[in-house]
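Student: For reference, the chains in residue letters:
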Amino acid sequence: MLATTVFTLVAQSRVLPKYRAALVMSSMVTFIAGYHYFRIFNSFNESSMKNAVTIGTSQGSFNEAYRYVDWILTVPLLLVEVIAVLGLAKAAANSLITRLVPASAAMIILGYPGEISSANGTKILYGILSTLPFLYILYVLFVELTKSLDRQPEGVAATIGRLRLLLIATWGVYPISYLIPILVKNPSVAQMANLFTDRQIGYTIADVLAKCVFGLTIYKIAKMKSVAEGMKDDH
Amino acid sequence: MTNLRFGGYLLVAIGFINMRYQTGHHNAVTHSLSIVIPGALLILATFIKPTQKLLEKRNIKLLVGTIVALLVIYSFIN
Chain G
1 MLATTVFTLV AQSRVLPKYR AALVMSSMVT FIAGYHYFRI FNSFNESSMK NAVTIGTSQG
61 SFNEAYRYVD WILTVPLLLV EVIAVLGLAK AAANSLITRL VPASAAMIIL GYPGEISSAN
121 GTKILYGILS TLPFLYILYV LFVELTKSLD RQPEGVAATI GRLRLLLIAT WGVYPISYLI
181 PILVKNPSVA QMANLFTDRQ IGYTIADVLA KCVFGLTIYK IAKMKSVAEG MKDDH
Chain R
1 MTNLRFGGYL LVAIGFINMR YQTGHHNAVT HSLSIVIPGA LLILATFIKP TQKLLEKRNI
61 KLLVGTIVAL LVIYSFIN
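Read top to bottom, the protein sequences are chains G and R. If you count the first sequence from 1, position 156 lands on 156 in my numbering, and the numbers rise without skipping. If you count the second sequence from 1, position 65 lands on 65 in my numbering, and the numbers rise without skipping.
Rather than coming from a laboratory, the hints here were simulated on the basis of the structure. Certain hints may be false.
What the hints assert, rightly or not - Chain G is faced by these chain R residues, among others (derived, beta-carbon under 8 Å):
hint : residue
1    : Tyr9
2    : Leu10
3    : Ile17
4    : Tyr21
5    : Ser75
In this text, a Cβ means the ideal position worked out from N, Cα and C, and glycines have one as well.
Looking at chain G on its own, in the form it has when it is part of the complex (with noise of 0.2 Å):
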């Protein structure tokens, strides 16, 4: 995560201006996701003893809620991100953004009561609910967002349908690993150990795809974008 921070500052200056504001995000959204997990296992640390860690609320316990502070601050930059970089019309970026930053974070904030409750109910209801703006997401960027793709340089069209995809199969690893606790049931202790285990992995990797693979494919985009509007490519 860090090392793709220090990629997306270095690297402004291998994409025009105008386009140097995605790269920023890009490199806050991974800082912020980096930190998060710096502190993530400071507090796994104080958690641990003896081979066990504590989940819980309480002080000393992991809190693997706590991970929705974090989406919460960086999904809707990501989605901002894709908007800058692909430096549409003043009211075009602003019609997309006003649809898509409140839609991701409702789609966070809704999948909140689901991860801390323990009822299966609960969780498949949030899970569900969750799931409905991030249809809406998938509309705008499949269906509004495809209608500035016209005027994009050859090559960049084919790219952002590429980073849709990502974004697709990267935010597809969250659901299934919000819904692993409830795909056994009455585990065993060992096995709870195991889909705790299994949850936080697909987690993590989900982040990482999710925010360094795409903040590098904006940064491909930026760059394509730079050259085909007459930047020198000597990088």
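Following the hints, position chain R against chain G.
Tutor: Relative to chain G, chain R alone:
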């Protein structure tokens, strides 16, 4: 101006993460608010015209950048 606004957002974000992970620790709120409040003030300053002009000066930009960097370091060690 946009970069300073992002700097402010960054401080607010890591300040809140800092607070969540230190809940129950001694002076956790004070430690975290010392990161969140400067970040919030910086964001606010980038939207007010008189402070915008002030922030456009090279020396002020350098000073603000240094403060942001120091607060980021503080967020790792507190």
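Student: Confirm or reject each hint.
Tutor: Hints versus structure:
{"no.": "1", "hint": "Tyr9", "in the structure": "holds (7 Å)"}
{"no.": "2", "hint": "Leu10", "in the structure": "holds (5 Å)"}
{"no.": "3", "hint": "Ile17", "in the structure": "holds (5 Å)"}
{"no.": "4", "hint": "Tyr21", "in the structure": "holds (4 Å)"}
{"no.": "5", "hint": "Ser75", "in the structure": "holds (7 Å)"}
Hint violations for this structure: none, all hints satisfied.
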